[in-house]
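S.K.: With the hints as constraints, model all of the structure from the sequences given.
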Amino acid sequence: MRHLLGIAGWRRDELEALLDRAQAHLPGGPDASHVLRGRVVANLFFEDSTRTRSSFEVAARKLGADVLNWSYAGSSVSKGETLLDTARNIEAMGPAVIVIRHRSSGAPGLVARHVKCAVVNAGDGAHEHPSQALLDAFTLRQRWGRLDGRTVLIVGDVLHSRVARSNLLCLKALGARVVLCGPPTLLPPGLEEMGGEVTHQLDAVLPQADAVMCLRLQTERMSEAFLPSQREYSRLFGITPARAERMKPDALVLHPGPINRGVELSPVVADGPRSVILEQVANGVAVRRAILEACAS
Amino acid sequence: MTPVLFQRARVIDPRNGVDGVRDVLVTDGRVAQVSEAPLPAPKDARVVDATDKWLVPGFIDLHVHLREPGEEGKETVLTGCRAAVAGGFTGVVAMPNTKVVNDSALVTELVLSRARDAGLCHVYPAGAITKGLKGEELSEAGELIGAGCVALTDDGRPVMNAGLMRRVLQYATQFDVPVMVHEEDLTLSAGGAMHEGATSTRLGLRGIPSSAEVAMVARDLVLLEETKGRLHVAHVSCEGSVRLIREAKQRGLRVTCEVAPHHFTLDDRAVGDYDTHAKMAPPLRGDVDVKALREALVDGTVDAIATDHAPHGVSDKLVEFEKGINGIVGLETALGLTLALVHEGVLTPRRAVELLSDGPARVFGLPGGHLAPGAPADITLLSPSEEWTVDAHRFYSRSRNTPFHGRTLKGRVTQTWVGGRCVFEDGQLKESR
Ligand SMILES: [Zn+2]
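Same order as they appear, the protein sequences are chains A and B. Read left to right, the first sequence gives residues 1 to 297 (our numbering). Read left to right, the second sequence gives residues 1001 to 1433 (our numbering).
The hints are simulated quantities; they were obtained by calculation from the structure and are not laboratory data. Incorrect hints may appear among the rest.
Claimed, not checked - So the derived label-pair ranges between C-beta atoms look like this: (1) B/Leu1186 / A/Gly64: 46 to 56 Å; (2) A/Arg235 / B/Glu1136: 35 to 45 Å; (3) A/Ser229 / B/Ser1211: 20 to 30 Å; (4) B/Ser1211 / A/Pro30: 49 to 59 Å; (5) A/Gly257 / B/Gly1300: 50 to 60 Å; (6) A/Pro241 / B/Gly1272: 39 to 49 Å; (7) B/Val1288 / A/Val281: 55 to 65 Å; (8) B/Ala1218 / A/Thr199: 25 to 35 Å; (9) B/Ser1211 / A/Thr199: 16 to 26 Å; (10) A/Pro228 / B/Gly1272: 50 to 60 Å; (11) A/Val268 / B/Ser1211: 40 to 50 Å; (12) A/Pro241 / B/Leu1186: 37 to 47 Å; (13) B/Gly1252 / A/Arg103: 43 to 53 Å.
The C-beta atom is built at its ideal place from N, Cα and C for all residues, glycine as well.
M.R.: In structure tokens:
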């Protein structure tokens, strides 16, 4: 049993092994419906995320597991129960793996220190979203074979993005160069120490990218005055058809979803030939099957 | 009261320029004689062999949260005093942000009466600047000071209203007490859980920039210059603040400041894996700041080491980092952490003692802080090189929230004397009741 709390702390060979394992879980692979038969995977979602929850649920069921879905809405958390109380209650039902999504950074780690089963982080605050990073890396590897020497450009609200942090760590570990681009108010200090390069000039770096990973612009950031307007953001950092023109001919476009169409990514590009967005979704199930299998064993 | 003769102690008394082996005689609760030549023991005297020990003025902590009235489950005046004398402190200044705010003589008197009942060390209450700490109306400073308050502060919160801050600095000049400030621009720190830097980015936590503190220090120094008041900056945490305070002192402004042991010992990396025991306000800062604080301790910019002793229950810390309550207990680790700077060669023994005794006494105009004949016999006797391992479960404080649990410290209190009475000796309290 091993927790997956983040990409931090995992070595390259371990990450590669996990991605290799995911390969076997692609549609058409060997039947794995016995892998977690009779065991329980508990989805603890303290923050709404139909996509990630569904992806973990499908992955668990395909491994033969029973799925316990617990969500914040209408739960006793609102009655003053602490995170650890909730986690211990779920643990008492004997799950093999607890999958946690939480709005506070570090929450899955706190749970992992106090329960006996494996804990998988399905996204915590602005900290990490390791399964997303693994499925992104898997998707790129599927296209390129290896990530070494490739440049991945991550564009948008890095400050609030767990996807950006996990991807930065994961892509670097797998040998890629990672450039982070966004308005200065949304790029926190210290990204270089995590291995990233930082720029605010999208048009200058766009031609270097082998893949562009758009981050979802959380529109509530507007009221906090990180940005003057959605319109200005879109003008400076949106991936428009004109910008797509200036990318390398075979450069890919990724997005963790759900997309604000026309804000960070124009519909033409999202649905165009560069886009691997639906492959990301499909690969997500295979990668999560590999994660659950690894953590439950 | 039994006379006491301390023999062959290394006496460090910065105010009187003493650092050497001396005999010290205490009679009637006061220092009677400090002598290079051995002193004869008076009849019935208790004789303490202090060979290899440091005998220093009792420590005074300008910044302690005793939690009474209102949160007695975290600490009481009694348990706080126990922790104080176990840490070598003979006097503590009690912050007014209790759950009935100390903004009236009634609360001041309650704290003083609890302290008398405890009978361990001096407790000097600080009164609130504003009624209910709401930052709206000035509290009755005259009444508070009349009842025994030694300073005015809304600690725990900044005074965000500059007009109000200007008026309290002016108003307090008639009593000549310091206005103690918790410097934090809430619009800059909003939502922040730790220092803004590489660690907050890695952990995905909203950062509190240094400017949240420095901008307020700058504002208050401007107001201080205009009002000719007295400003005491609590728990200074970053380089920018230190620089501004140093310049202001050079220009002759009446500003003083304190630094907490955790801020000169740890940097933001101590948050590590979301350790809520490393969560405090102001937050642990960057390594540059730690270095700047250490320089400021050496060059006199910092007047006092104060712990910001902030007791909290286990359940306040066993939560998501963002939800964790700010603060750590500090009374029982302050000496060891301060002496670490001596052992590292950063501070001289004399300067370290000064920062814990004479410095704080001067800042708030408190008795003690030195050992001239006639001074109250508030004395700390310590073994400077004795190693011990911090065990939070053995604290005299009612709370255990410390990031230093398990750390080995060098330097331990062997006896604490208040007014000529031994209140703590060899790890045991000597309570009068
Ligand atoms: Zn404070």
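S.K.: Against each hint, give a clear statement of whether it holds in the structure.
M.R.: Okay, the hints, checked on the actual structure:
1. B/Leu1186 / A/Gly64: 46 to 56 Å: Taking Cβ atoms as reference, B/Leu1186 and A/Gly64 lie about 53 Å apart, which means the hint holds.
2. A/Arg235 / B/Glu1136: 35 to 45 Å: Between A/Arg235 and B/Glu1136, where Cβ atoms are some 44 Å apart, the hint holds.
3. A/Ser229 / B/Ser1211: 20 to 30 Å: 25 Å, holds
4. B/Ser1211 / A/Pro30: 49 to 59 Å: 58 Å, holds
5. A/Gly257 / B/Gly1300: 50 to 60 Å: 58 Å, holds
6. A/Pro241 / B/Gly1272: 39 to 49 Å: 46 Å, holds
7. B/Val1288 / A/Val281: 55 to 65 Å: 45 Å, violated
8. B/Ala1218 / A/Thr199: 25 to 35 Å: 32 Å, holds
9. B/Ser1211 / A/Thr199: 16 to 26 Å: 24 Å, holds
10. A/Pro228 / B/Gly1272: 50 to 60 Å: The hint (50 to 60 Å, Cβ to Cβ) is violated, given that A/Pro228 and B/Gly1272 are roughly 37 Å apart.
11. A/Val268 / B/Ser1211: 40 to 50 Å: 42 Å, holds
12. A/Pro241 / B/Leu1186: 37 to 47 Å: Cβ of A/Pro241 to Cβ of B/Leu1186: about 44 Å, so the range 37 to 47 Å holds.
13. B/Gly1252 / A/Arg103: 43 to 53 Å: Given a distance of about 50 Å, which is inside 43 to 53 Å, the answer is holds.
Of the numbered hints stated above, those contradicted by the structure are hints 7, 10, listed in ascending order.
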